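Spelled out, the chains give:
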Amino acid sequence: MRSFLKLLVLAAIVGAGIGLWVTAPNRVDAARFDGLTGDAARGETVFTAAGCASCHHAKGSEDKLLLTGGMEFVSDFGTFYAPNISPHPEAGIGGWSFEDFANAVTRGVSPEGQHYYPAFPYTAYTKMQDQDLSDLWAYMQTLDPSDVASKPHDVGFPFNIRRSVGGWKFLFMSDDYVIEAADNERGRYLVETLAHCAECHTPRNPLGALDKARWMGGAPNPSGSGTIPALTPDKLDWSAADVAYYLESGFTPSFDAVGGHMAEVVENFAALPAEDREAVAAYIKALPPLDE
Amino acid sequence: MKTPFAALALLAVLGTPALAQDLPQPVKARQGQFNIMALNLGVLGGMARGTVEYDAEAAQAAADSLVAVSSLSQGAMWPDGTDDGSIAGTRAKADIWGNMDDFTSKWADFGEAATAMAAAAGTGRDALGPNMGALGNACKACHDTYRAPE
Chain G
105 MRSFLKLLVL AAIVGAGIGL WVTAPNRVDA ARFDGLTGDA ARGETVFTAA
155 GCASCHHAKG SEDKLLLTGG MEFVSDFGTF YAPNISPHPE AGIGGWSFED
205 FANAVTRGVS PEGQHYYPAF PYTAYTKMQD QDLSDLWAYM QTLDPSDVAS
255 KPHDVGFPFN IRRSVGGWKF LFMSDDYVIE AADNERGRYL VETLAHCAEC
305 HTPRNPLGAL DKARWMGGAP NPSGSGTIPA LTPDKLDWSA ADVAYYLESG
355 FTPSFDAVGG HMAEVVENFA ALPAEDREAV AAYIKALPPL DE
Chain W
2 MKTPFAALAL LAVLGTPALA QDLPQPVKAR QGQFNIMALN LGVLGGMARG
52 TVEYDAEAAQ AAADSLVAVS SLSQGAMWPD GTDDGSIAGT RAKADIWGNM
102 DDFTSKWADF GEAATAMAAA AGTGRDALGP NMGALGNACK ACHDTYRAPE
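Chains G and W, in that order, are what the protein sequence lines are.
Going by our numbering, the residue at position 4 of the first sequence is 108; the numbering climbs one at a time, nothing skipped.
Going by our numbering, the residue at position 66 of the second sequence is 67; the numbering climbs one at a time, nothing skipped.
Please note that a few of the clues may not be correct.
[Said to hold, decoys possible] Lysine-lysine pairs mimicking DSSO-like chemistry, simulated, CA-CA at most 30 angstroms apart:
1) G/K231 with G/K168
2) W/K29 with G/K339
3) G/K163 with W/K107
4) W/K107 with W/K29
[Stated by the list, open to error] In silico negatives: residues of chain W with every beta carbon more than 12 angstroms from chain G:
5) D23
6) L24
7) D56
8) A59
9) S72
10) Q75
11) G76
12) W98
13) T105
14) G112
15) E113
16) T116
17) A121
18) T124
19) D127
Quick caveat, the hints were computed from the structure, so don't treat them as lab data.
It should be emphasised that the depicted structure is a prediction, and the values quoted were computed from it without experimental measurement.
Cβ atoms here follow ideal geometry from the backbone N, Cα and C, with glycine treated the same way.
Kindly generate the complete structure, drawing on both the sequences and the hints.
Listed below in C-alpha cells is the structure:
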C-alpha cells in the first residue's frame with residue numbers, strides 16, 4: 105500500500121515536470137464568437153436541457169434558479185462542491201466575460217487558467233454549439249444574484265493538484281461523438297452534449313474516465329448504494345414512446361415513479377418541447393447492445 | 002367505502018411468490034401498497050396516454066383505490082432498522098427516519114393529489130393528464146429524496 109502511494113506521488117511529480125506542455129490549459133479562440141448575440145429566451149432551453157441548475161442550485165432550496173451552489177459530489181477522490189455561478193459580482197460569476205464563461209463550460213479552464221475537476225461535466229459540454237453557449241450566457245445574466253460564498257472542495261493529495269487534471273484531460277477529453285448521428289443530430293446533441301446522460305449511465309475506468317466501450321451500460325451509483333440502470337437494448341426493453349413518456353412524466357412503463365438524481369433530469373425534460381424528448385428516445389433506442 | 006378493496010388487494014399482492022422473500026412483514030406491506038399504487042396509476046396513465054380507451058367507471062375505481070391507499074396508516078410500515086443500510090431487499094433510505102415529518106408530509110401530498118384525481122377521473126379523458134402530472138410530481142418528490150436506486 106505504501107509503495108503504491110509513493111508511486112502515485114512520483115507519477116504526480118513526473119507528470120507535473122515533464123508533462124507541463126500536456127497539462128497547460130487549452131483555451132478557446134475568442135475570435136470564434138465574433139458577431140454572436142445571445143438570445144436569453146433560447147438560452148433558457150439550453151440551460152434546462154444541460155441541467156445546470158440541478159447541480160448549482162442550493163441543496164434543499166425550492167428556488168432552483170438561485171445558483172448558490174453547494175451540492176456535493178462524493179467520489180473516490182474526495183468530495184467536490186458545486187460553486188456559486190449566479191450573476192453576483194463577487195460571490196458568483198457576475199464579473200466574468202463571455203470568453204471566461206466559454207473557457208469554463210467548454211474547456212474546463214478557469215479565468216485564472218486553472219483546470220476544473222471533471223465533476224463539472226465540461227467533458228460533455230465541450231461539444232456545445234457557439235450560438236447555444238451565447239444564448240446560455242445571455243439567459244444566466246437574467247437570474248437573481250446570490251451572495252453566498254462557494255464552498256472549498258475536500259479532495260486529497262495528489263488529486264488536489266489541479267495541474268494533474270490537465271494530464272487527465274489530455275488522456276480523456278475529446279470532442280468526438282461516441283455514436284453515429286444517423287438522422288438524429290438533435291437527439292445525439294441532447295444526450296451526449298447538453299444533458300450528459302452518459303456521465304451517470306456509463307461506467308468509469310479506474311481513473312474516473314467514462315468507459316466508452318460500455319457506453320450507457322449502467323454504472324454503480326457514485327453516491328452510495330445501488331446501481332444506475334443500463335440504457336442499452338440488451339437491458340432496457342422499453343419502446344421509444346415509453347422513454348419519451350418517462351422523460352415527460354417520470355413514470356416507467358409499469359408506472360413505478362422515477363427517483364434519485366434522475367428525478368431532476370425528468371423535471372428538466374418535462375419542461376422541454378415534446379420533439380426533444382422524442383429525439384432523446386430515438387437516440388436511446390438506437391444504442392448498440394453490449395455483449396458481455 | 003373502497004378501503005376493504007384496497008386491504009384485500011394488499012393481501013393478494015403480499016401473497017404472490019415474487020414478494021415472498023425473507024423480508025420483515027412491514028417492508029413487504031409497504032412495498033405491496035406501492036405496487037397497488039403503480040397498478041392503479043397504470044390504468045389511469047394508459048387512458049391518459051391513449052394506449053387504452055377511456056372508461057369512466059374504471060378510471061374512477063382506479064382513482065378511488067389510490068385515495069384508499071393514501072388513507073392507510075403508515076406508522077406500522079416504517080419501523081426503525083428497516084432502511085437500506087440495515088437490511089437487504091429495501092430501497093428505503095435511512096434519511097426517512099431522520100426526517101419523518103417531511104416524509105409524512107410528502108405522503109400527505111400524494112393523498113391530496115389522489116383526492117384531486119378522484120374528483121376528476123370520472124369526468125372525461127382530458128381531466129386525466131393534468132392530474133397524472135400532479136400525482137407524478139408527488140411520487141417523484143418523495144423518491145427523489147427517500148428512495149435509493151435498485
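Status of each hint after checking the structure:
1. G/K231 with G/K168: It holds: about 25 angstroms lies between the C-alpha atoms, which stays within 30 angstroms.
2. W/K29 with G/K339: 26 angstroms, holds
3. G/K163 with W/K107: 18 angstroms, holds
4. W/K107 with W/K29: 21 angstroms, holds
5. D23: 19 angstroms, holds
6. L24: Fine: 16 angstroms to the nearest Cβ keeps W/L24 off the interface.
7. D56: Given a closest Cβ separation of 17 angstroms, the condition holds.
8. A59: 15 angstroms, holds
9. S72: 19 angstroms, holds
10. Q75: W/Q75 clear of chain G: closest Cβ-Cβ about 17 angstroms, beyond 12 angstroms.
11. G76: Label holds. Min Cβ-Cβ 23 angstroms, cutoff 12 angstroms.
12. W98: 16 angstroms, holds
13. T105: Holds: least Cβ distance 17 angstroms, greater than 12 angstroms.
14. G112: With a cut-off of 12 angstroms, W/G112 remains clear of chain G, as the shortest Cβ separation is near 15 angstroms.
15. E113: With a cut-off of 12 angstroms, W/E113 remains clear of chain G, as the shortest Cβ separation is near 16 angstroms.
16. T116: At about 18 angstroms from chain G, W/T116 clears the 12 angstroms cut-off, so the statement holds.
17. A121: 17 angstroms, holds
18. T124: 20 angstroms, holds
19. D127: W/D127 is indeed farther than 12 angstroms from all Cβ atoms of chain G, at 16 angstroms.
When held up to the earlier numbered hints, the structure conflicts with none and fits them all.
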